[in-house]
Amino acid sequence: MSEEIMPDKNGRFGVYGGRYVAETLVPALEELAEQYEFIKKDKNFLKEFRDDLSHYVGRPSPLYFAKRWTKLLGGAKIFLKREDLNHTGAHKINNTVGQILLAKHMGKKRIIAETGAGQHGVATATVAARHGLECLVYMGEEDIKRQSLNVFRMKLLGAEVVGVSSGTRTLKDAMNEAMRDWVTNVDDTYYIIGSVAGPHPYPQIVRDFNAVVGEEVIEQSKIQIGKDPDVLIACVGGGSNAMGLFYPFIENKNVRLIGVEAGGLGLSTGKHAAPLNDGKEGILHGMRTYLMQDDAGQIIETHSVSAGLDYPGVGPEHAWLKDIGRAEYVAADDQEALEAFKELTKVEGIMPALETAHGIAYVKKIAPTMSKEQTIIVNVSGRGDKDINTVASIEGIEL
Amino acid sequence: MTSKIKDTFSEIKAENRKALITYIVSGDPDLETTLEIMHTMVKEGADIIELGIPFSDPMAEGISIQKGHERALKKGASLIDALQLVAQFRSSNKKTPIVFMGYMNTFESLGAQAFMAKAVSAGVDGILIVDMPPEESSKFSDHAMKNNIDIIRLIAPTTSLDRAKKISSQSSGYIYYISVKGITGASNIDADDVKNKVEVLQTFTDLPIAIGFGIKDAISASSVKDIADGIVAGSVFVDLIGEGNDVLNMVAKKTKELKEVLG
Ligand SMILES: Cc1ncc(COP(=O)(O)O)c(C=O)c1O
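Sequence order for the protein chains is G and H. With the numbering used here applied, the first sequence covers 93 to 491. With the numbering used here applied, the second sequence covers 81 to 343.
Please note that a few of the clues may not be correct.
Unchecked claim - Straight-line Cα separation of at most 27 Å, BS3-like style, residue types lysine-lysine; simulated pairs:
{"hint": "1", "chain 1": "H", "residue 1": "K86", "chain 2": "H", "residue 2": "K198"}
{"hint": "2", "chain 1": "G", "residue 1": "K363", "chain 2": "H", "residue 2": "K147"}
{"hint": "3", "chain 1": "G", "residue 1": "K457", "chain 2": "G", "residue 2": "K314"}
{"hint": "4", "chain 1": "H", "residue 1": "K219", "chain 2": "G", "residue 2": "K372"}
{"hint": "5", "chain 1": "H", "residue 1": "K175", "chain 2": "H", "residue 2": "K123"}
{"hint": "6", "chain 1": "G", "residue 1": "K101", "chain 2": "H", "residue 2": "K219"}
{"hint": "7", "chain 1": "G", "residue 1": "K363", "chain 2": "H", "residue 2": "K155"}
{"hint": "8", "chain 1": "G", "residue 1": "K101", "chain 2": "H", "residue 2": "K245"}
{"hint": "9", "chain 1": "H", "residue 1": "K123", "chain 2": "G", "residue 2": "K363"}
Unchecked claim - Using C-beta positions, here's what the derived DEER-type ranges look like:
{"hint": "10", "chain 1": "H", "residue 1": "D270", "chain 2": "G", "residue 2": "V254", "range": "19 to 29 Å"}
{"hint": "11", "chain 1": "H", "residue 1": "K154", "chain 2": "G", "residue 2": "D134", "range": "43 to 53 Å"}
{"hint": "12", "chain 1": "G", "residue 1": "S240", "chain 2": "H", "residue 2": "S267", "range": "29 to 39 Å"}
{"hint": "13", "chain 1": "H", "residue 1": "K155", "chain 2": "G", "residue 2": "K133", "range": "17 to 27 Å"}
{"hint": "14", "chain 1": "G", "residue 1": "D279", "chain 2": "H", "residue 2": "A271", "range": "17 to 27 Å"}
{"hint": "15", "chain 1": "H", "residue 1": "S267", "chain 2": "G", "residue 2": "E123", "range": "23 to 33 Å"}
{"hint": "16", "chain 1": "G", "residue 1": "T437", "chain 2": "H", "residue 2": "Q250", "range": "51 to 61 Å"}
To be verified - Sample of chain H residues facing chain G (criterion: CB under 10 Å; computed from the structure):
{"hint": "17", "residue": "G125"}
{"hint": "18", "residue": "N227"}
{"hint": "19", "residue": "I231"}
{"hint": "20", "residue": "R233"}
The set of hints was computed from the structure by calculation and includes no laboratory data. None of these values were measured; they are calculated from a predicted model. Ideal Cβ positions, reconstructed from N, Cα and C, are used throughout, including at glycine.
Sequences and hints are given; from them, build the entire structure.
Have a look at this one:
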């Protein structure tokens, strides 16, 4: 795992992050941080984690040169980091494989999680099944509708899926409900958060477990490109696939880091999920970060065609990287994402998740402006099978 | 400096009884009704009123109070409204302490300094920000102290002894002891466990201790009343408001029921 620069001992990335939770959870988070600091230096844990990543997840994931797409766009060489080929079809499994080992080390019997697109829920239900632990996943009623395939997958894996009907009935409300469960069952329950969000130490834990993505890219770039890539691109919901790719490159200033948020119906409409582009600082889910909120400090409803990006906050490390100017954050709207989804599918035979398609959309914009000697690596955070119903219904097709 | 909260607890102690602290959400179901409910509660014996500040994501609340927040927000209730509400309440009640209980983002959106100034002029006596542990509270604590607003903090069943000492040393007004691991409205209150924990707290703090979460009737109130200096009842009132039948009378009855137990 990479050398730590951040967070500081209070869990802050600059002014962001921290631990803004009700008192009942503070001791649980302190214990989690302590146990994590211990386990991440433990040889047995590290071996088990790496073995699981190789033999269960199927790592390393390939770095694939998208030859036809590169030609079509007519600029920089484009490489795809194939997290879609992981077991369960997304990067989310990297984190859950690590956290379930931590949960077992802490002697917890019951696993809970929140999920938006259902990918994190599936990844959690999967590792819970493998380790024989009870698993309960909170999911907004709205998301249950748009991601019915993943709901059924979770159930087959033996997890209980609990619909959340409060608030906006999406990811943020699922997270509220998971927190409420955790407060109530804190003695025997481990809460696996699915992104680099939430109170300290979650943003750090989830980043570290996903950093394998960027670490592999460093090695693969040396061999396949012969030099550093020029630009790294990833979609940003909570920010875990982006953080996993970016983190090992933070010190290497030659590499541009670009995160792509969900532009929804367009940044100018206000109906989007792009807090780094058009939000302001505040506190939600235990962290200080950029948020979609109104003048009175109420969190506002977000809009995105992709359930996994439909979240009003963002991991605190991204907020910090934005402020210090180390990473850039842009947005792709629903329409651009849908076009990118179709283009990559047709041109390369790779169907990305709708979340991923936001990153793909920005590649379409930037690649033609770059020279043929330059390279872009985009994180294909997940595969698109789960989104087929959504795409079909947008086209007015009933499956 | 005087504190209305401190004076209230001294008075209650002298009268050899326990404080009844009632919680409702500001603006639930609307601001006029909240004001009427506040006066009704005082009339029937509430000693301190905690006004919940509506927030879109009330993470520590059970379903009853969540719904209260949603009802208030639907009518557009805000922190500013709540301040105006208190100013109105003060035009006929100068005595009953008012505590704002809410979530950090709404207070931050106004800013610690601006909020405290407005709170003082409206007549707010204390704040309890649920998701603001001592480690994250320096700005609010500084401005609260300058403005003589009490900072009430939570201590939970999970809080260690060392941590409890640190929290009490940074608290004023009273300490809010959470009786259960859980959210508001929980129903598994264990009086023996609460007693053990509160007795330990009393060895190192002189602040009054109020017990909350899970107190909804005469029985649950009497199970913990001897242990501490006061009890907080919230979900039960918010439920009555949500049901919407003869609210003022129902609230009056419930307040009276709790008051009778507390002496
Ligand atoms: C395939 C895929 N990519 C990206 C995301 C967004 O999450 P994050 O920003 O944490 O990577 C999700 C979330 O569900 C996802 O399923």
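Okay, the hints, checked on the actual structure:
no., hint, result
1, H/K86 <-> H/K198, "holds (21 Å)"
2, G/K363 <-> H/K147, "holds (25 Å)"
3, G/K457 <-> G/K314, "holds (26 Å)"
4, H/K219 <-> G/K372, "holds (19 Å)"
5, H/K175 <-> H/K123, "holds (12 Å)"
6, G/K101 <-> H/K219, "holds (19 Å)"
7, G/K363 <-> H/K155, "holds (22 Å)"
8, G/K101 <-> H/K245, "holds (21 Å)"
9, H/K123 <-> G/K363, "violated (47 Å)"
10, H/D270 <-> G/V254: 19 to 29 Å, "holds (26 Å)"
11, H/K154 <-> G/D134: 43 to 53 Å, "holds (51 Å)"
12, G/S240 <-> H/S267: 29 to 39 Å, "holds (34 Å)"
13, H/K155 <-> G/K133: 17 to 27 Å, "violated (53 Å)"
14, G/D279 <-> H/A271: 17 to 27 Å, "holds (19 Å)"
15, H/S267 <-> G/E123: 23 to 33 Å, "holds (26 Å)"
16, G/T437 <-> H/Q250: 51 to 61 Å, "holds (57 Å)"
17, G125, "violated (28 Å)"
18, N227, "violated (20 Å)"
19, I231, "violated (13 Å)"
20, R233, "holds (7 Å)"
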